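K.L.:
Given next are the chains, with one letter for each unit.
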Amino acid sequence: MSSGTPTVSTPGAPPPQKAAQRLSAAPVRALAASRLADPRLRAGLFAAGLAALLVTPLFGLNNSALLLFSTVFMWIGLTSSWNIISGFTGYVDFGHGVFFGIGGYTAGLLVTHLEMPFWYTVPFAPVFGFVFALVVGYPLLRLRGVYFSIAMLGAFMAMRELALVFRDFTGGSGGIIFEAVIDRTLFYYVFLGVAVIVVLGTVWLRRSQLGSSMLAVRENEIGAEARGINTTMVKLTAFCVAGSITALIGSLWAYQTAFIDPAIMFRDVLLINLALMVTLGGLGTVWGPALGATVFILLRETLWETEGEDFLVFFGVALIVVVLTLPKGIAGSLADRVHLARARRAGKEESR
Amino acid sequence: MGQLSQVVLDGIVLGGFYALVAQGLSLVFGVMGVLNLAHGECVLIGAYLAWTAQHYLGVDPLIALPVIMALGFGFGWVLCRTLVIRVVERPPLMSLLLTFGIGAVAQGVLLKLFSSTPRVTTTGYSADVVSIFGLTIPTPRAFMLLGAVVILVLTWALLNRTRVGRSIQAAAQNKAAARVVGIDIAAVYAIAFGIGIALVFAGGTLLGSAQGFYPFLGPLLTMKAFAIVVLGGVGRMTGTVLAAMVVGLIETLLASYVPSVGTGLGIAAAFILVVVVLVVRPNGISGGKQVTAGV
Chain B
18 MSSGTPTVST PGAPPPQKAA QRLSAAPVRA LAASRLADPR LRAGLFAAGL
68 AALLVTPLFG LNNSALLLFS TVFMWIGLTS SWNIISGFTG YVDFGHGVFF
118 GIGGYTAGLL VTHLEMPFWY TVPFAPVFGF VFALVVGYPL LRLRGVYFSI
168 AMLGAFMAMR ELALVFRDFT GGSGGIIFEA VIDRTLFYYV FLGVAVIVVL
218 GTVWLRRSQL GSSMLAVREN EIGAEARGIN TTMVKLTAFC VAGSITALIG
268 SLWAYQTAFI DPAIMFRDVL LINLALMVTL GGLGTVWGPA LGATVFILLR
318 ETLWETEGED FLVFFGVALI VVVLTLPKGI AGSLADRVHL ARARRAGKEE
368 SR
Chain U
228 MGQLSQVVLD GIVLGGFYAL VAQGLSLVFG VMGVLNLAHG ECVLIGAYLA
278 WTAQHYLGVD PLIALPVIMA LGFGFGWVLC RTLVIRVVER PPLMSLLLTF
328 GIGAVAQGVL LKLFSSTPRV TTTGYSADVV SIFGLTIPTP RAFMLLGAVV
378 ILVLTWALLN RTRVGRSIQA AAQNKAAARV VGIDIAAVYA IAFGIGIALV
428 FAGGTLLGSA QGFYPFLGPL LTMKAFAIVV LGGVGRMTGT VLAAMVVGLI
478 ETLLASYVPS VGTGLGIAAA FILVVVVLVV RPNGISGGKQ VTAGV
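Heads up: the sequence lines are chains B and U, in that order.
Under my numbering, the residues of the first sequence are numbered 18 to 369, in order.
Under my numbering, the residues of the second sequence are numbered 228 to 522, in order.
This is chain B alone, in the form it adopts within the complex (with noise of 0.2 Å):
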């Protein structure tokens, strides 16, 4: 029989009671002083974003301003979709714009050879893309770094030149001219919509099973296979996923543009944009790939008016200074420095 635990009080402590209150204090303070982290706040303020971009077509935005909206959603598709395979599972997918092209192609091919109307295509264009990213990945998933984003980089350059070589099935370098629709507010709202949802599937994906086996994968390969993960199928989905998207927003964005060619659907732009929006966000963040996107497209249009030669020469510049400066991206390094405050202040805490 014990006497229970005796209450060893050394007389230096102090008293027990004020210990638990100060305890509890440094939590609630480092709360306080990051708002942003309580999950019922951030829900409203999405929430109010969204209803914000519901209700601003409504007030007679010009089409210009629409379609720079529209373009801004696009792109956060994209880069939040890029970002499941780079950025979670680690596996750098530097030939993404391949799908971009194919969900375009789909579209085009159809509508020319089968005479569907652009709607019916729509599903198609994230089956071809999941089917291609299927066919792709599983051999090319087995490379590790740089091989595979190299890798990609060739079956976005060889579809490319298949697009360009076969010119009865695809119209060559002529292109494919879709009917054109001149609704800006209708692509407003179907970009609204692509981006509002993969940005909450990537929340969700974030939180996930999935997720966390992505992460895994990212951090230690082989150990995420010690411990049970399907290494292969976890990266799999990412990449089918990633891809599925990527041709959706690919053959709706065809449409949008009512014609197509090898030069536009698969242009290498698109891939330094993508780099560089992610980078600059975050790359692996939820909201890093929507940041970089939106801070990177107002930018864009806002100062700079440049095309060709001067346009390359402008992103090879950002892109090296970016990777140079800013290596976390603006959400990686605001997430930095709100740990560095958290621990500081725990630290004072701790010392006082």
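In short, the hints are calculated from the structure, not lab data.
In this text, all values refer to a predicted model and were calculated from it rather than measured experimentally.
Just so you know, even glycine gets a beta-carbon here, dropped at the ideal spot from N, CA and C.
One should not assume that every hint holds.
[Unchecked claim] Cβ pair distances, simulated, as ranges:
| no. | chain 1 | residue 1 | chain 2 | residue 2 | range |
| --- | --- | --- | --- | --- | --- |
| 1 | U | Q400 | B | W136 | 57 to 67 Å |
| 2 | B | I239 | U | A414 | 49 to 59 Å |
| 3 | U | T344 | B | F331 | 40 to 50 Å |
| 4 | U | E316 | B | V338 | 16 to 26 Å |
[Claimed, not checked] Covered stretches of chain U, as calculated for chain B (at least 3 residues, CB under 8 Å):
| no. | segment |
| --- | --- |
| 5 | 239–253 |
| 6 | 308–316 |
| 7 | 452–460 |
| 8 | 492–504 |
[As the list claims (entries may be wrong)] Every beta carbon over 10 Å from chain B, so not counted as near; a handful from chain U, in silico:
| no. | residue |
| --- | --- |
| 9 | Q230 |
| 10 | P293 |
| 11 | P319 |
| 12 | S322 |
| 13 | G409 |
| 14 | A414 |
| 15 | I477 |
Got chain B sorted already, so can you dock chain U onto it with the hints?
P.N.:
What follows is chain U alone, placed relative to chain B:
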């Protein structure tokens, strides 16, 4: 004989050029673990330098070659010391993005300076041909093969028979051990990167008088070089040369025997080959471990 042997000869000539370009990529990748996505643009910088020398100064590309290679070494050395060194031991995405950015800048600058019109370095022997055993090669292409062979042999000697070359190999094999025996790794990186760029500048110089080139050719060359490096196994010079020959042959065979579309299928064929080889033999055609830099 006849047409097939002519096509095979053309493939070998092209393969020689590819071997030179791919060896530059392989050396940098093997030693630093950095895959240079600006590689093809560097080939073009070499080609435009030779074109400028010929066009404005009247210097033959073969005479300008050593100077251009020296410039290439300097350019690579500076690039490595200023930019590339900052991403060497960081996640691979960083070096990919950085070199991608460098490539975009180079392409933009080349477009500004030389426009997108294809150029050829015209020399006194541009229209001449060399004939061997009833087969013919245009003289500039013969020089391209000859130049590639000579430079590759010299590179092999440099990597295997000199102190600098052995330091480079040591750094490729085991960085920690190389540091322990007193090798300045940062200096070795800069030298290896310089040699790699010197090789591609040479490749560009030789290519420039053999066929037309334009600023958008860069990414295609990078892709082919990468395909060859993967096929041959990183850092294996014999593997690289062998794979370069295979890619060169496939390209000329496709161009000659697949009607109308064959000439446009270079990348697609190389890519499909890479995927097949990666599935069958993850360490490249010649197999083995991917450790050494030059041999």
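K.L.:
With reference to the structure, classify each hint as holding or not holding.
P.N.:
So, going through the hints one by one against the coordinates:
no., hint, result
1, U:Q400 <-> B:W136: 57 to 67 Å, "holds, 59 Å"
2, B:I239 <-> U:A414: 49 to 59 Å, "violated, 34 Å"
3, U:T344 <-> B:F331: 40 to 50 Å, "violated, 23 Å"
4, U:E316 <-> B:V338: 16 to 26 Å, "holds, 20 Å"
5, 239–253, "violated (count 0)"
6, 308–316, "holds (count 3)"
7, 452–460, "holds (count 3)"
8, 492–504, "holds (count 9)"
9, Q230, "holds, 23 Å"
10, P293, "holds, 30 Å"
11, P319, "violated, 5 Å"
12, S322, "violated, 8 Å"
13, G409, "holds, 30 Å"
14, A414, "holds, 21 Å"
15, I477, "holds, 13 Å"
In the structure shown, a violation is registered for the earlier hints numbered 2, 3, 5, 11 and 12, in ascending order.
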